[in-house]
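Colleague: All residue numbers in the sequence shown are consecutive under my numbering, ending with 608.
Rather than coming from a laboratory, the hints here were simulated on the basis of the structure.
Mixed in with the good hints, there may be bad ones.
[To be verified] Each computed SDA-like pair below joins lysine to any residue, with the alpha-carbon atoms no more than 25 Å apart:
1) K502 to V430
2) K543 to R569
3) K543 to K502
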Amino acid sequence: MVATPIEPSAAGTVPWPADAAARYVAKGYWDGRSIAAHIYAAADRDPDAICLVDDHARLTFRELTERADGAAVRLRELGLRADDRVVLQLPNCWQFVVLTVACLRLGVIPAMALTAHRRQEISGVVALTDAKALFVPGDDPDFDHQAMATDLVSSAPSLDHVLVLGGSASRSASRSASRSATDIAGLCAPAEHPAQVRAELDATAPDGTAIALFLLSGGTTGVPKVIARTHNDYGYMARQAARVCRVGRDAAYLAVLPLGHGFPMSGPGVLGTLMAGGRAVIAPSPAPQRAFALIERERVTITSVVPAIVQRWLDYRDATPDADLGSLQVLQVGASKLTEQLARRVGPELGCALQQVYGMSEGLLCLTRPDDPEDAILNTQGRPVCPDDELMVVDEQGQPVADGEPGVLLTRGPYTPRGYYHAPELNARAFVDGWYRTGDIVRRRPDGNLVIEGRDKDVINRGGEKIPAEEVEDGAYLLDSVRQAAAVAMPDPVLGERICLYAVPHKGRSVSLDEVRDAMLGSGAARFKLPERLVLVDDLPRTPIGKIDKKVLRADIAARLADEAGPLAQAS
């Protein structure tokens, strides 16, 4: 087999300006060390402390580091080297964490995918990153990830390896018999000579300027945008979040959100907790019965959820008030806006402090503080964690607005990259003089806290998942019965927003919601991107310059819901 040439990962990034980088180093934000080096320093301080727990394992720091080093050695034996890329598409489990740390040790760059992603998303990420390996679950009853991975190996030039968690690894294939699918359980076994392996990997550890991992963000097509995060910037963000959240060696962080998201990984999440010497508890889902049992059993002190989960947990708490949640000190809520009504219930009913969170895979992280006044905690989404996070709120002409006035948020700072990976055209639109244009409409209060008012981008925020409207519309156009389509967000009390599709059928033709959903599934779209309501109209409203007027459509669906004041109808 002839190896496929792989372009160095740094070639696709946009560096911070030299003066800004020097300032971040001088102020101690960037320390030049890998994220794994901070985790191993914590392990050296207390090697026998339990640091990683799920339903099947309880690992001490010593066991975590020895398994991560063992996995790093075995990845190296597969031919993976520093700067090679892999796609990590696994459910929440201890192996996810071990493999992430192994990659951080070796300098291999994992792209953090979601198990909800399908061929459309995964093939795009593999192609964009030149990934050499794909890690997939082997026993998902809802989708055959192995079959998808096998198919991708036969069509993606860079992809050499499939690594399978559970199930039968033999169902997958690779390019040659010598590179058969690898069982992740064996990959994560402890290193045979831990001290020797530790010394070898310490000597070749990536420095702080190297790319640590790729995070994925919603895009304007089916391919997620790829965000390159360095050890310097991502490690600083997670450590600083831990400081703000007062996460230390006595903390127990419960991860219930998918670890492929940045929020449960670094806000402070699993990585921030491990670097602080605390314990990460991994749950396969946010189901309240399981989460409450873990909080009680593991004496969890902090966890992070989205507003839809807050509602589920409050409902479950009402029905089962006997669960012991006394250890829980902080409930972080982010990804979409929490209503004041739900916010007021958190303290009295769950017995913990609420911490509102606003952040993005592109960088900026805002948190309310434990000693903030009640008004800020209930009604804002916090302020930046770093003094050198720069914010600018601008109007439609790009001019700054006064505090208290709504506008689009721009940001830059020591952990906000200056561009997407290999996306010059997108960067020309999304970044202005080093400022990242978030697309979020906010108000900045005099106390520095932000209030999120909405989006100016054509994106639907469904329970924290950002879904480009164009992608839903493209799915509708798979049907030859659809003449025009426009997807918009419709308000939802649980998820914040759901997907509503307006469609104009061709004359004499009909369109159903099921047909659109089936067409999108057949094209490989992820299920969370499917429209949940279809409104058939004779024509779509237009702006004076001829664009579809989605403001009118959003107002229309809000009015329809208000009139119905009941279950959603599937079609008008």
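Colleague: Within a Cα-Cα threshold of 25 Å, do K543 and R569 meet the stated pairing?
Modeller: OK: K543 and R569 at ~21 Å, within 25 Å.
Colleague: Are the Cα positions of K543 and K502 separated by 25 Å at most?
Modeller: violated, 33 Å
Colleague: Are the Cα atoms of K502 and V430 separated by 25 Å or less?
Modeller: Roughly 22 Å separates the two Cα atoms, so the pair holds.
This entry does not satisfy hint 3, going by the numbered hints stated previously; all others are met.
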